[in-house]
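Participant: Chain by chain, the residues:
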Amino acid sequence: DTGVSQDPRHKITKRGQNVTFRCDPISEHNRLYWYRQTLGQGPEFLTYFQNEAQLEKSRLLSDRFSAERPKGSFSTLEIQRTEQGDSAMYLCASSPRQGTAGANVLTFGAGSRLTVL
Amino acid sequence: AQKVTQAQTEISVVEKEDVTLDCVYETRDTTYYLFWYKQPPSGELVFLIRRNSFDEQNEISGRYSWNFQKSTSSFNFTITASQVVDSAVYFCALSEFMDTGRRALTFGSGTRLQVQP
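Chains X and W, in that order, give the protein sequences. If you read the first sequence in the numbering used here, its first letter stands for residue 10, the second for the next number, and so on. If you read the second sequence in the numbering used here, its first letter stands for residue 692, the second for the next number, and so on.
These are computed hints drawn from the structure, not numbers from a lab. The hints are all genuine.
Heads up, incomplete: computed chain W residues facing chain X, CB under 8 Å, no partners named:
hint, residue
1, Tyr724
2, Ser733
3, Gly734
4, Glu735
5, Leu736
6, Phe738
7, Arg741
8, Phe782
9, Ser786
10, Arg793
11, Ala795
12, Leu796
13, Phe798
14, Gly799
15, Ser800
16, Gly801
When the alpha-carbon atoms are kept at most 25 Å apart in a straight line, the in silico SDA-like pairs for lysine to any residue are as follows:
hint, chain 1, residue 1, chain 2, residue 2
17, W, Lys694, X, Val114
18, W, Lys694, X, Ala97
19, W, Lys694, W, Lys729
20, W, Lys707, W, Thr771
21, W, Lys729, W, Glu701
22, W, Lys729, X, Thr47
23, W, Lys729, X, Arg31
24, W, Lys694, X, Phe54
25, W, Lys761, W, Ser800
26, X, Lys20, W, Ala779
27, W, Lys761, X, Ala112
28, X, Lys20, W, Lys729
29, W, Lys707, W, Phe759
30, X, Lys23, X, Glu53
31, W, Lys729, X, His19
32, X, Lys66, W, Arg719
33, X, Lys66, W, Ala795
All C-beta atoms, glycine included, are put in the ideal place defined by N, C-alpha and C.
Excised from the complex, chain X in its bound form (with noise of 0.2 Å):
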């Protein structure tokens, strides 16, 4: 396994254009977390999903915001009517489940940098 893939890892777009990321993590891990991060400050949470189930999501997350997980491997974050201020760097990380090694420890994968116009 090569870790978290994160596709693209670029995207420039028009203001009011959607958008939508892609994330592949590692395959036995059954946690997957979104997290954004813009410049010169620390990832912030986003969203939170155990197997296909999304269980948490961050105020952050507005309504324009969208991310699925449908069969509990890939998920997808999708971004409507961007605007600019969603310019960042969009983060996923993957964790094992409860109670195995390494559970509390995100794996994070390169990111998919958002640039909107």
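Use these hints to put chain W onto chain X, whose structure you have.
Facilitator: Below, chain W without anything else, positioned relative to chain X:
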């Protein structure tokens, strides 16, 4: 609410110098985990260490060492004999357990370390 403060926004050292990155945290939990992650220019967050709140022993791993002091709520990170490859942004993070089974990871704002040859 938990909080992580990394007061040093940027540090510049010359190769082979020792450098300490400071981290101060706030939490009401008695059980928590502390982490350090490294973010090189490529963008991927790389896990360095996890320490749980009941284990105050310092840890050394090669040129890296960590000093956890519960009395001062600090978890500092020292790089001995720094190398150019150590240049990156380093994040301290605090984790608390949520009812959903998620470990909520709160990051500091990061310290950018530049090691000059």
